[in-house]
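If you use full-length UniProt numbering, the sequence shown corresponds to residues 1 to 212, in order.
These are computed hints drawn from the structure, not numbers from a lab.
Take these hints with a grain of salt, some might be off.
Calculated pairs, BS3-like style, for lysine-lysine (alpha carbon to alpha carbon, straight line, at most 25 Å) [claimed, not checked]:
#1 K2 - K178
#2 K178 - K3
#3 K178 - K203
#4 K3 - K16
Since the model is a prediction, treat every value here as computed from it, not as a measurement.
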Amino acid sequence: MKKTVCIIRDDMYHPKELIDPQMEKVFDREVWNVVLSNRLRDVIESSDSVDLLVMFTVGRPDGEGDITFDEQERVISRVKDGMGILFVHAGLVLIEEDSPFYKTLNSGRFIGHSHNHVPVENVPIRNVAHPILDGVEPFTVMDEHYYCQVNIGRTDMLMLSTSEAVTAAGGWAHSFGKGKVVGLTPGHTEEALGNPQMIQLLKNASNWATTN
1 MKKTVCIIRD
11 DMYHPKELID
21 PQMEKVFDRE
31 VWNVVLSNRL
41 RDVIESSDSV
51 DLLVMFTVGR
61 PDGEGDITFD
71 EQERVISRVK
81 DGMGILFVHA
91 GLVLIEEDSP
101 FYKTLNSGRF
111 IGHSHNHVPV
121 ENVPIRNVAH
131 PILDGVEPFT
141 VMDEHYYCQV
151 NIGRTDMLML
161 STSEAVTAAG
171 GWAHSFGKGK
181 VVGLTPGHTE
191 EALGNPQMIQ
201 LLKNASNWAT
211 TN
């Protein structure tokens, strides 16, 4: 039976034209039923089964209000019941410090980024063994370097990202109830998102987040 992945993407700075071709490399259509949307409320308001939710944006199209704390709780409930979730790059934006997405679920949130595209070196943490890191080597790409607040006491750190300005969290993951949560900061540019190592990270993360 195919697994269903819902990919939330497409805003002014993270267009579907950049993201969708790379997702074709990640999600084999013989294995995955792929649903594409720019609206997180499509998932929140639906009772359809979703095995994996991938957030490349906050999922709030222009004209809609921010995802409320109550709506975040509904997503959290689905993860607790077994849905996997990946927060990738801009999916980490607009997560407030007192929000359920940060305090309860993700343990990571965006707080700032480099002003320009800069070389960012993404390196798996030494001596950390995790299925998400299988076959992944360090890679350097021109990217918008994200700086995130991460509660390292509630998640497993997997990767660090370094630019000329700072070394920051690059990836983390943990279980939550019957579900699993992954945060990855790279992926603003086509060079970064389409890098073979990033594609491997996303494949590994998607498989890990949907495996019991």
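Against the structure, the hints:
Distance hint between K2 and K178 is fulfilled; the C-alpha atoms sit about 19 Å from each other, no more than 25 Å. Between K178 and K3, the direct Cα distance comes to roughly 16 Å. Compliance with the 25 Å bound is thereby established for this hinted pair. For the proposed pair K178 and K203, the alpha carbon gap of about 20 Å is at most 25 Å, so the pair holds. For the hint linking K3 to K16, the alpha-carbon distance of about 22 Å falls within 25 Å, and the restraint holds.
Taken one by one, the earlier hints all hold for this structure without exception.
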